[in-house]
Amino acid sequence: MSLDIALIAIGFLLASTLGAYLLATYGGARSQSLILVLALFAGTGALLATGTIEMAGRYGFSVVLALFAFTMVFLFSPLIFYPIRRLNEIIRFASLVDFLTFRFRGRAIAVIACSSLIIVTMPLFLAQLLALSSVHDFLFESDKWLFRLVIVSIIILINWSAIKQGMAHSLRWIMAAAGFLLLLALATSALVSVESIFGGVSEMNQWVVSSGQRLIVQRMDSSYSLFIIFLAASFALPVNFSIVISEHISDNQVGISAWAYPLLMLLASITIFPLLWSGIAVQSSSPLQDYLFAIPALTQHPIVAGLGAASIVLVAIGLLCNMSTMLAKMVLNSFVLPTKALHKQPHLSHWINLRLLGISTGLIIACALLSYIIKARSITDLYLVGFAGLAQLTPAMLASIYLPKINRSGVIAGLLGGISVWLITLALPTLFGDYSWQLPGTEKVLIFGMENWQTWAFEALMVNIFLCAVFSILSPMDKEQQSFARLCMVDNIYIPARVQLSHHSVEQMRLSLRRLLGSEADAEIDRALQKHDLDPSETRPAALRKLRDSLYSSLTLNFGVLAAHKMMEEALPLATPTRPEPDDIYLIESVLAIEGDRLTGIASELNKLRMHHREILDNLPIGIIALGQGGEIIKWNSSMARYTGINSEIVAGSLISDLPEPWHSAISAFLQEGGTSKDSIELEVAGKTQWFGLQKSTAISPDDDLILLVEDQTKSVLLIQNYINNERLASVGRLAAGVAHEIGNPVTGIACIAQNLQHETEAAEIETSAELILSQTDRISVIVQSLINFSRGDQTYHDQLQPVSVLDAAEEAIQILSLTKEQSKEQFVCLIAANIEIVSDHRQLVQIFLNLLGNARDATTDGSPIEISCQPDGSKLRIMISDQGSGIAEPIKDQLFEPFVTSKEPGEGTGLGLWMVFNLVKNLRGEINLSSPAKNSDRGTTAELLFDLHNN
Amino acid sequence: MLNYRLVAVLIFLSSVAVPLASQWAVEPQSSWFRPFVVWALIVFAAYIIQRHRKSDES
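Order-wise, the sequence lines are chains A and B.
Numbering (this note's numbering) for the first sequence: 1040 to 1991.
Numbering (this note's numbering) for the second sequence: 2 to 59.
Derived by calculation from the structure, the hints in this document are not laboratory data.
There could be a bad hint or two in this list.
To give an idea of the interface, some chain A residues facing chain B are shown, with a C-beta separation under 7 angstroms as derived from the structure [stated by the list, open to error]:
(1) Phe1100
(2) Val1103
(3) Phe1107
(4) Met1111
(5) Arg1253
(6) Gln1257
(7) Gly1294
(8) Ala1297
(9) Trp1298
(10) Pro1301
(11) Leu1302
(12) Leu1305
(13) Ile1309
We put the beta carbon where it would ideally sit given N, CA and C, even for glycine.
Hey, can you work out the whole structure from these sequences and the hints?
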C-alpha cells in the first residue's frame, strides 16, 4: 500500500510540474494570472496541507479568521503593495531587505534586516522539512538520510536552474504546480474522507451536532492573536513580497490576485474541518498534521493519499527553493557585494550565480542539520513561531510608506529589541524545549515557549514598536534619510531631480562603468539605451540623466541597493552643484500629466487649472523657451516648434549648444549680449529669410529659470521695408517738379551758350563755351545721380554696414531738399567736419537726414537757420539737428515714433515719417531722441542721433 | 492623497460589518460553514470592486 501511494505520489509530482511548466511557457495572459495566484497560494507552504488541520483542532474557527487575515494583504493591496510597486518602477527592489535599505539607508539596516529575516524564516524552513519527514515516515521505512539527501539534491538542482534562468520567474511555475496539487489534494481528500466515513455531507453535519464538535470548533478564544500575527506576517512573507513587486506581473494581475487568492484560500479552508472531523470520527492514531494523506490511506483511497503526499512534498520543496534563493540573494546583496571589487571578476554573472547557489545550499543544509537537533515536532508550532517572527518586520515596512519620521536608528533598535524578545521567549524554547524563570524577589514564574505564545508574540511586537518610536523621536534624522523617507511615502509622486552629471556622453558613462563592472557594463548600458530608445551618441543632459536613473535601477535589482549606490557614486557621480538645485517645476508638470488622475478634491481642481494655464502657454502665438540652470532647455512651446520645426519632446533637456543652426548662434549671441531684447534678427530658416525678435526675462534671483520669448517679426519687417520703398518712390514723385526746375536752368544756359557758339569763330571763345556747357552738364549729372541713388530700393542689413561719411550724407540730403521747394541751401548750416565717419549705410542715413531736415524746415517758417552738428560720445557719435521753429506739440510728445502721429494739417503729412526714421535708426543699430524746445534755446526742436563711430 | 472612500469602507467594516458578521457566523445552533459564507461574500465584493476598477482604467 505504502509503495503504491509513493509511486502514485511520484506520478502526480511529475505530471503536475510538467503541466505547470507547459502552461507557464506556452500559456497566454490568463494562464499567467492563474500561475501567479496558484504560486501565491502555495506560498504558505506546508501550512495549509498539514498545519491548519492541527490548528483547527487546537483553535477551532479561529484558524478561519487567521487564514482570512493572511489573505487580507491582497484585499488591501492598494494600501500596501501598490505604493511599493509604484516605487519599484523607479528603483527595482530584489527583496524586502533591499526596500528597507533603500528607505532607511546604510549598511547597518541591510545587515540587521537580512539577519532578522534569516532567523525568523528558520522555523518556516524547519516546518517544511518536518512536513517532508512526515510523508517519509508514512511511506517508507528506510533511513531518513537517503530521503533527505535526495530532497536536498533536488532542491540544489532546482535552485541552480532557477538562479541561471532568473529566479522569480523560474520558481513560479513550480510553486503554481504545488498550489494546484495542494488544492486538488485538499478537495479530494475531504470528499473521499467524508463520503467514506460519514456517508455524505448531511450525515457529517448531523454528526457534528450530535458529537458536540460544533460547539468545540465555534470557540474564538485565540482568534484575535491569530488574526494579528497572520496579518502582520503576510506583509513580510518574502514570497508574497517578491511575487507582488515582480516586473513580470502587471497591475491587472495584482488586481486579480486581490480576489482570486482569497478565493483559493477559502476553498482550501472549507476542507479543513471535514478532514479534521473525519479523523476524529474514525479515531485515527495519525497526528493531525498527517490527515491529508493518512485519512484517505485509512479509507483505502491510495490515489487520493498519493495526491496528498505529492502535494505536501511539492509545496514544501517549492517553498524551500523559493525562500532559500531569495535569502541567498539578500545575503549576497547585504553582506558580499558591497565589499567586493566586482571588476576583478571576468565572468561576473557566473561568479554571482555560484555564490547564490552556495549560500542557498548552505542555508538548506544548515536547516536540515538543525532539524535533527530541535525538539519541536509540530508544524503548527513552527509556523506560529515563524509568523510571530515575520511580524517583527512589518512595523518597519509599514513605517517605510506611511511614517516619514521613523528613521534608521528607530528601525534598528526596534528590530533588535523585537527579535531578541521573540528569540528568547518564543523561538529558542520552542525549538529546544520550554524553560521558565522565576522573577527575583517574587513568586511569579515566567514560562517561555509555546504555552504562552500569544503573550510573547505580542510582547515582542510591542517592544519592537515601542523602541522604534522612542529611538526615532530621540535620534536626529540626516538629510539623506529625510529625502528618501519623502520619496517612499505612499502619497509621494516621484520627480526626478534636475541634477548635473559629471559625464557628458554615453561613451563617457560606458567607459566609467566599465572600470567597475568590466564587460558587464556594456550589457547594462545597452539594455538601458534600448529601454529608453536612446542613441549611443546621445549627449542631451536630460537623456543622460534618464540613462543614469535606468542604470541605477537595473544595478539595484542585480546587485542590491548598497552595491548599486556605491557603483553610482564611483562610476557615475553627480557634479557638485554650485548652488542648491531648485524644484523642477517642468518635471513636476510632466509627472502630473501622467499621475494627474490620482488627484482628488481641491488638488484635482488645481490640476485642471494648471492644465488650462499650460495649454495657454503652449498655444501662445509667441515662442517660449525656458532655460534651467546650466542652460538646459526645459520648456519649448508649440510656437517654437512651429518656428524651428523641432518638436518639444526632442529638444527638452538639451543645451542651447545642441540646437541646430541658425538657432544656436542666434540665441547664444543674444544670451551673451547684455540687453534684454533684440529685434529683427535675420535668420535663414528652411531656405527662407525670416526675422525674429528675442526678449529675455530679468531673473529676480540667480536660482530663477531664464525665460526667452521669440517673436516672428517677418511680416512687420517686410511691411516696414515696403513702406520705406514706397515712401522713397513717393518722394521721387514730389521731387520731379523741383528736378525739372533745377535741370531747366542749366539746360537753358546750355541752349544760350550753344546759340552763341554758332556765331563764335575764335578758338578761345569756343573753348570757354565748351567748358561752360560741361559745367552745366556736370550740374545736371549730380542732380540726376542724387535722384537715382535716392530712388533705388536696395536694403542694407546689420552685417552690411560700412563706414559712411556723415558730411556727404547730410549734404546729399540738403541737395535733395533744395530741389523740392523753392528754398535756398543757405538755410541749412552744416557744421560737420569732412573726415567724420560712422558705421552705417549711406542711403538709409540720407533718408534719415531727409526726414529730419524736412521736418525741421517745415517747422521753420521764418527762415531761421537749421543747424547740423556732431560731437563724439565715447565710441559713439552724437549728431544733432536743431531748428528754431514751432517745436513739438505737448500732446504728441510721447507718441512721436508711433505711426500716423503728426502735428501737420491734413494732407500735408502722413504721420509715418518719424516712425520710419525710428525703424531705420534701429536697423542701423543707432538711437534717436527728440527734445523740444531745442537745446540751449527756448523754442524749436533738437533731434539727436547716436551711431557707432568708425575708427580709422 | 488620502483615499477617503477606502478609509470610509475600513471604518464601516471595522465598526459595523465585522462585529455583526462574526456574531452571526458563530451563533450557537448555527451551521458550521457560516464563517465561510461571510468570507465568500467578502471575496465576491473584492471581485466586484476589481471589475469596477478595471473598467475605470480601460
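Here is what the structure says about each hint:
Look at phenylalanine 1100 (chain A): its Cβ gets to within about 6 angstroms of chain B, closer than 7 angstroms, so that hint holds up. A hinted interface residue such as valine 1103 (chain A) counts as satisfied when its beta carbon comes closer than 7 angstroms to some beta carbon of chain B; here the least separation is about 5 angstroms, so the hint holds. Checking phenylalanine 1107 (chain A) against chain B by beta carbon gives a least distance of about 6 angstroms; that is within 7 angstroms, so the hint holds. Taking 7 angstroms as the C-beta contact cut-off toward chain B, the hint placing methionine 1111 (chain A) at the interface is violated, the least distance being around 9 angstroms.
Below 7 angstroms, beta-carbon pairs count as interface contacts, and arginine 1253 (chain A) has one with chain B at about 6 angstroms; its hint therefore holds. The restraint placing glutamine 1257 (chain A) at the interface with chain B holds, with a minimum CB-CB distance near 5 angstroms, inside the 7 angstroms limit. The closest approach between the C-beta of glycine 1294 (chain A) and any C-beta of chain B is roughly 5 angstroms, which is under the 7 angstroms cut-off, so the hint is satisfied. Residue-level restraint check for alanine 1297 (chain A) holds (minimum Cβ-Cβ distance to chain B is 5 angstroms; threshold 7 angstroms).
Interface hint at tryptophan 1298 (chain A): satisfied, since its Cβ lies 4 angstroms from the closest Cβ of chain B, which is below the 7 angstroms cut-off. Because the beta carbon of proline 1301 (chain A) sits about 5 angstroms from the nearest beta carbon in chain B, less than 7 angstroms, this interface hint is met. Hint status for leucine 1302 (chain A) relative to chain B: holds, with the closest Cβ pair at about 5 angstroms, below 7 angstroms. Taking 7 angstroms as the C-beta contact cut-off toward chain B, the hint placing leucine 1305 (chain A) at the interface holds, the least distance being around 5 angstroms.
Because the beta carbon of isoleucine 1309 (chain A) sits about 5 angstroms from the nearest beta carbon in chain B, less than 7 angstroms, this interface hint is met.
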